[in-house]
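Between the sequences and the hints, there should be enough to build the whole structure, so can you do that?
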Amino acid sequence: MMKKACILKYVTGLFLAAFVMVAVCEAAPAATTTIGEETIKRVVTEYITKNMPWPTGSVRIAFHFRIPDATLSGENIVCRVEGERREDFVGYSNFTVGFYDKKVFRGEQSVRVKLEVSRDVVVSARYLPRGTDIQGGDVKLVQKWFEHMPSRVISSLEEAVGKRLSTSAKQNTEITRDMLREPVMVSRGKQVQVVLERGPVKITTVGLSEQNGSKGDVVKVRNLSSNQSIYATVVGESLVRVDF
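Position one of the sequence shown corresponds to residue 0 (numbering that gives the first Met the number 0), numbered consecutively onward.
If you are wondering where the hints come from, they were derived from the structure by calculation, not from laboratory data.
Worth double-checking, as some hints may not be accurate.
Below, computed lysine-lysine pairings styled on DSS-like, alpha-carbon distance capped at 30 angstroms [unchecked claim]: (1) K102 with K40; (2) K214 with K162; (3) K49 with K101; (4) K143 with K162; (5) K214 with K201; (6) K113 with K49; (7) K40 with K189; (8) K139 with K169; (9) K214 with K169; (10) K40 with K101; (11) K219 with K189; (12) K162 with K189; (13) K162 with K139; (14) K201 with K219; (15) K49 with K102; (16) K219 with K162; (17) K143 with K113; (18) K139 with K214; (19) K113 with K139; (20) K169 with K189; (21) K102 with K143; (22) K143 with K49; (23) K113 with K40; (24) K189 with K201.
Derived Cβ-Cβ restraints for the label pairs, each shown as a range [to be verified]: (25) K169 with G135: 17 to 23 angstroms; (26) D177 with T70: 33 to 39 angstroms; (27) D216 with S117: 32 to 38 angstroms; (28) K201 with G130: 32 to 38 angstroms; (29) N50 with A124: 55 to 61 angstroms; (30) S150 with T204: 41 to 47 angstroms; (31) I60 with G198: 56 to 62 angstroms; (32) W144 with T232: 40 to 46 angstroms.
Ideal Cβ placement from N, Cα and C applies to all residues, glycine included.
As structure tokens, this is what we get:
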């Protein structure tokens with residue numbers, strides 16, 4: 000009888016211990032971590048800064064929509080940011096923040112961001128009438144912010160100086176590529192100096208241009224000595240060159 004009582008007491012003790020362990024395990028809440036809005040903004044900003052093609056300091060990043068906190072299971076949450084395929088980092092963009100605990104995916108959150116890029120832009124320094132051959136003092140550089148990268152904007156003075164304006168421009172007007180033309184350097188019916196070159200040999204004569212032409216254009220020129228027409232490349236003001 001005593002032996003049976005001991006066995007019963009032992010089994011009862013094991014049962015109670017197991018019950019207590021199960022109860023404790025069921026009562027203990029799973030570990031959770033909350034990733035706040037500021038943390039999400041920070042990791043997205045770091046991703047943009049690291050991957051954008053623009054110089055540091057030339058981008059404005061704006062979060063126009065509230066980002067809710069993310070509460071996730073796990074104690075060591077790591078954030079990984081991914082952009083859209085072919086992301087150009089300008090205008091409105093969507094980024095996905097993935098949350099991982101020990102490489103196990105715990106969730107993700109989409110973040111919409113507005114990106115503006117700063118660029119130097121050539122503008123007129125004063126009113127410029129149509130046909131103006133642009134000089135250094137006619138234009139200046141200003142900084143502007145863009146949501147979409149313009150294709151025709153000029154970002155250096157060198158691209159504008161020396162060109163002819165095809166339209167009038169008020170003060171502070173953006174000078175775009177389609178507003179510029181190469182200035183006419185030889186005019187139809189006007190005399191030009193013709194330089195014939197072949198290696199070290201150089202011959203100079205006078206001709207009459209039969210076409211208008213800008214630098215780099217090939218124009219028809221009549222040689223006044225032989226009265227024959229030739230084709231020459233415009234290289235300067237009233238100056239053409241023939242390679243023979």
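Hints and how they fare:
1. K102 with K40: The given pair, whose Cα atoms are some 22 angstroms apart, holds under the 30 angstroms limit.
2. K214 with K162: Satisfied, since the Cα-Cα distance of roughly 11 angstroms is no more than 30 angstroms.
3. K49 with K101: Since the Cα atoms of K49 and K101 sit roughly 24 angstroms apart, the hinted pair holds (cutoff 30 angstroms).
4. K143 with K162: holds, 23 angstroms
5. K214 with K201: holds, 20 angstroms
6. K113 with K49: Distance of about 17 angstroms is within 30 angstroms: holds.
7. K40 with K189: violated, 67 angstroms
8. K139 with K169: Given pair K139, K169 holds - Cα atoms ~13 angstroms apart, limit 30 angstroms.
9. K214 with K169: holds, 27 angstroms
10. K40 with K101: With Cα atoms ~22 angstroms apart, K40 and K101 stay inside 30 angstroms; holds.
11. K219 with K189: holds, 12 angstroms
12. K162 with K189: Distance ~21 angstroms between K162 and K189 Cα, so the pair holds.
13. K162 with K139: Distance ~14 angstroms between K162 and K139 Cα, so the pair holds.
14. K201 with K219: holds, 20 angstroms
15. K49 with K102: Given that 30 angstroms is the threshold and the Cα spacing comes to 22 angstroms, the pair holds.
16. K219 with K162: holds, 23 angstroms
17. K143 with K113: holds, 16 angstroms
18. K139 with K214: Roughly 24 angstroms separates the two Cα atoms, so the pair holds.
19. K113 with K139: The given pair, whose Cα atoms are some 29 angstroms apart, holds under the 30 angstroms limit.
20. K169 with K189: The hint is violated at about 33 angstroms.
21. K102 with K143: violated, 43 angstroms
22. K143 with K49: holds, 23 angstroms
23. K113 with K40: This hinted pair holds, its Cα atoms lying about 12 angstroms apart.
24. K189 with K201: holds, 22 angstroms
25. K169 with G135: 17 to 23 angstroms: For K169 and G135 the Cβ distance comes to about 19 angstroms; the hint holds.
26. D177 with T70: 33 to 39 angstroms: violated, 54 angstroms
27. D216 with S117: 32 to 38 angstroms: holds, 37 angstroms
28. K201 with G130: 32 to 38 angstroms: holds, 34 angstroms
29. N50 with A124: 55 to 61 angstroms: At roughly 37 angstroms between Cβ atoms, A124 and N50 fall outside 55 to 61 angstroms, so the hint is violated.
30. S150 with T204: 41 to 47 angstroms: Distance hint for S150, T204 holds at roughly 44 angstroms.
31. I60 with G198: 56 to 62 angstroms: holds, 59 angstroms
32. W144 with T232: 40 to 46 angstroms: holds, 42 angstroms
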